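Trainee: Starting from the known structure of chain A, fit chain B onto it as the hints suggest.
2 protein chains.
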Amino acid sequence: MDLKEYLEQTANQVDALIDRYFGSACDNLGKASAHLLLAGGKRLRPAVLLLSADAVKKGSSIDLQPAALALELTHSFTLIHDDIMDGDEVRRGVPTVHTRWNEPTAILAGDVLFASAFEFLTMSDCPDNAKVRATSMLARTCVEICEGQHLDMSFEERDDVSEGEYLKMVEKKTGALYAASAGIGSILAGGNPSYSSALYHFGQGIGMAFQIQDDLIDLLAPPEVSGKDQASDIREGKKTLIHIKALEKGYDLSPFKRRLSPGEIEEIIATLKKLGVIAEVQGIAENLVKTGIKRISILPPSEERDLLIQMGDHFIRRSY
Amino acid sequence: MDLKEYLEQTANQVDALIDRYFGSACDNLGKASAHLLLAGGKRLRPAVLLLSADAVKKGSSIDLQPAALALELTHSFTLIHDDIMDGDEVRRGVPTVHTRWNEPTAILAGDVLFASAFEFLTMSDCPDNAKVRATSMLARTCVEICEGQHLDMSFEERDDVSEGEYLKMVEKKTGALYAASAGIGSILAGGNPSYSSALYHFGQGIGMAFQIQDDLIDLLAPPEVSGKDQASDIREGKKTLIHIKALEKGYDLSPFKRRLSPGEIEEIIATLKKLGVIAEVQGIAENLVKTGIKRISILPPSEERDLLIQMGDHFIRRSY
Numbered sequence: 080m081d082l083k084e085y086l087e088q089t090a091n092q093v094d095a096l097i098d099r100y101f102g103s104a105c106d107n108l109g110k111a112s113a114h115l116l117l118a119g120g121k122r123l124r125p126a127v128l129l130l131s132a133d134a135v136k137k138g139s140s141i142d143l144q145p146a147a148l149a150l151e152l153t154h155s156f157t158l159i160h161d162d163i164m165d166g167d168e169v170r171r172g173v174p175t176v177h178t179r180w181n182e183p184t185a186i187l188a189g190d191v192l193f194a195s196a197f198e199f200l201t202m203s204d205c206p207d208n209a210k211v212r213a214t215s216m217l218a219r220t221c222v223e224i225c226e227g228q229h230l231d232m233s234f235e236e237r238d239d240v241s242e243g244e245y246l247k248m249v250e251k252k253t254g255a256l257y258a259a260s261a262g263i264g265s266i267l268a269g270g271n272p273s274y275s276s277a278l279y280h281f282g283q284g285i286g287m288a289f290q291i292q293d294d295l296i297d298l299l300a301p302p303e304v305s306g307k308d309q310a311s312d313i314r315e316g317k318k319t320l321i322h323i324k325a326l327e328k329g330y331d332l333s334p335f336k337r338r339l340s341p342g343e344i345e346e347i348i349a350t351l352k353k354l355g356v357i358a359e360v361q362g363i364a365e366n367l368v369k370t371g372i373k374r375i376s377i378l379p380p381s382e383e384r385d386l387l388i389q390m391g392d393h394f395i396r397r398s399y
Numbered sequence: 080m081d082l083k084e085y086l087e088q089t090a091n092q093v094d095a096l097i098d099r100y101f102g103s104a105c106d107n108l109g110k111a112s113a114h115l116l117l118a119g120g121k122r123l124r125p126a127v128l129l130l131s132a133d134a135v136k137k138g139s140s141i142d143l144q145p146a147a148l149a150l151e152l153t154h155s156f157t158l159i160h161d162d163i164m165d166g167d168e169v170r171r172g173v174p175t176v177h178t179r180w181n182e183p184t185a186i187l188a189g190d191v192l193f194a195s196a197f198e199f200l201t202m203s204d205c206p207d208n209a210k211v212r213a214t215s216m217l218a219r220t221c222v223e224i225c226e227g228q229h230l231d232m233s234f235e236e237r238d239d240v241s242e243g244e245y246l247k248m249v250e251k252k253t254g255a256l257y258a259a260s261a262g263i264g265s266i267l268a269g270g271n272p273s274y275s276s277a278l279y280h281f282g283q284g285i286g287m288a289f290q291i292q293d294d295l296i297d298l299l300a301p302p303e304v305s306g307k308d309q310a311s312d313i314r315e316g317k318k319t320l321i322h323i324k325a326l327e328k329g330y331d332l333s334p335f336k337r338r339l340s341p342g343e344i345e346e347i348i349a350t351l352k353k354l355g356v357i358a359e360v361q362g363i364a365e366n367l368v369k370t371g372i373k374r375i376s377i378l379p380p381s382e383e384r385d386l387l388i389q390m391g392d393h394f395i396r397r398s399y
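Top line first, the protein sequences correspond to chains A and B.
Position one of the first sequence corresponds to residue 80 (the numbering used here), numbered consecutively onward.
Position one of the second sequence corresponds to residue 80 (the numbering used here), numbered consecutively onward.
Take the hints with a grain of salt, since some may be wrong.
If chains are identical, the list can't say which one is meant, so a pair holds when it fits in one copy or spans any two.
[Unchecked claim] Below, simulated DSS-like cross-link-like pairs (lysine-lysine); rule was C-alpha separation at most 27 Å, straight line:
(1) Lys317 to Lys110
(2) Lys247 to Lys121
(3) Lys247 to Lys373
(4) Lys373 to Lys136
(5) Lys317 to Lys336
(6) Lys352 to Lys317
(7) Lys110 to Lys247
(8) Lys373 to Lys336
FYI, nobody ran anything at the bench for these hints, they're computed from the structure.
These figures come from a predicted structure and were not determined experimentally.
Bound-form chain A, shown alone (with noise of 0.2 Å):
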């Protein structure tokens, strides 16, 4: 199976999950909390979870459709709080759930949201001290979250962001949610402690391509590709990891914290590269991936695993 067939069947299952039990909600609560899960998403992290357990143990990732389901409502819920918090209003082409209910509702949906996914976690069939190691993992991982999320919005008043501390918030925002769901994966599945953790950290260095892929993505796509603005980082001031790199060339991209026109854009796109600053972010998110699957070389070959390593590849090359 290539990669591409096999998200597109877990998708498929966690889709079947969620309206199963998102579905049918008639309350404006149980709507909110549905709305974003509903509007759909490429569930990623249950399939790194999935795969992480078979790979470990093949076939083990039957038991586990409820703890890929925590996942994803976990990674749900940190959208409808982030979208409050950074105020905006569209999200998978649907109204955020603050929009279209107001705050407070969205408040408890993200909280149900969170809620569930613990719920949810220790409904897997599998032994109980796996599940309250999963618990642990996961409490451990949202509190990263919060305090990723968190630096991310301190940074915005700031123009002394290192790469250290952009990097260190990546790996809380990004990266945790990814390291968990590829060790959860793992310590549900019976994994060895060596197993579980490598798979962690391969779950790490991936999900932190990942958001540099994205910065890389809003930066580059043009919109009738990425669906979404194009350079709305740059125009919002956003301290990513380009912006560092370019400073560190001498090229401030605070200025251009503005409205922009396509001409402008594509000025500041044709800097970047000519300096280096692209070729250079770009190598930063591969070497996170290299490590990553450099990592889980220690795991028996496996068709799970061989798709955990295309998944890494996938992350920084993916255009949108």
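Mentor: Showing chain B alone in chain A's frame:
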């Protein structure tokens, strides 16, 4: 030991844990998460958890301190998010988290405590199967709390809230966490299912009574006793049991949804007393406690069971 002494002792234990784990945060998010926790509190939910544990297995509470803390963290998380939704500016004599910092930080601070609650729940020294059941119960409880808060907010726009609807709201918003405190205490201590169920329903009943008593205190207690604004519920048009029972007797409190003079408040109280509303509402709270106490009569007699009974009585006798 009498109840007052026991509660003081538990509060000291919980305060020491809070100080250890949350007392030395130096970043903004850490400080915001710790803010309300450090502002004090009666730590009633931890006390219910520890008493319930000892009531089913003497001495078991010693190993359950992290779980007791988990319940206080959950309570604190709900306060932080509720304060945002309700726009409240002061709590426990200090500015609320979104007032002292800002809304995004308050959302994240609540989320951090929410996640930490699950982390601490897994840290108690007890069998894994008990921890999994406790995790599941806490998760389900958090969903209920959100539903209760959402119902409560939706009542503000309605004039036809029934007694049954009010009691359902209070069951979720306040009863559920006391129910979980008692139920989790029993589960983690290895209590048999009938003990755990009895304690769960005891907690639910006294928790609901606690909220009804809160509504009575809001109306009846002068500010110098309660430390709060008198009759704020009437001024804000809250659909409390008092409001609902008064309306049943043809006395509509809606027109008093405005600034009220001390004389007006006195007059409203006199009318409600004459109509028998106060006595009827007190009777409902008393019945909830009485039924709860009856549930735990199946437990073997113990000092801790007696303290739980005293606690139920205290919940409806307290005047602040």
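Trainee: State for each hint whether it applies.
Mentor: Hints, verified against the model:
When the C-alpha separation of Lys317 and Lys110 is checked against a cutoff of 27 Å, the pair qualifies only between copies, where the shortest distance is 25 Å, while the shortest distance within a copy is 32 Å. With identical chains, the CA atoms of Lys247 and Lys121 are at most 27 Å apart within one copy only, with a shortest distance of 25 Å there and 38 Å across copies. For a Cα distance limit of 27 Å, the shortest separation of Lys247 from Lys373 inside one copy, 21 Å, qualifies, whereas the shortest one across copies, 54 Å, does not. Taking identical chains as interchangeable, the C-alpha atoms of Lys373 and Lys136 lie at most 27 Å apart only when both belong to the same chain, with a minimum of 19 Å there against 50 Å between chains.
For the homomeric pair Lys317 and Lys336, the shortest alpha-carbon distance inside one copy (9 Å) is at most 27 Å, but the shortest distance between copies (45 Å) is not. Proximity of Lys352 to Lys317 under the C-alpha cut-off of 27 Å is restricted to the intra-copy arrangement: shortest distance 19 Å within a copy versus 61 Å between copies. In this homomeric assembly, Lys110 and Lys247 come within 27 Å of each other (Cα to Cα) only across copies, at 20 Å, whereas the closest approach inside a single copy is 35 Å. For a Cα distance limit of 27 Å, the shortest separation of Lys373 from Lys336 qualifies neither inside one copy, at 39 Å, nor across copies, at 66 Å.
Violated hint for the displayed structure: number 8, the only one.
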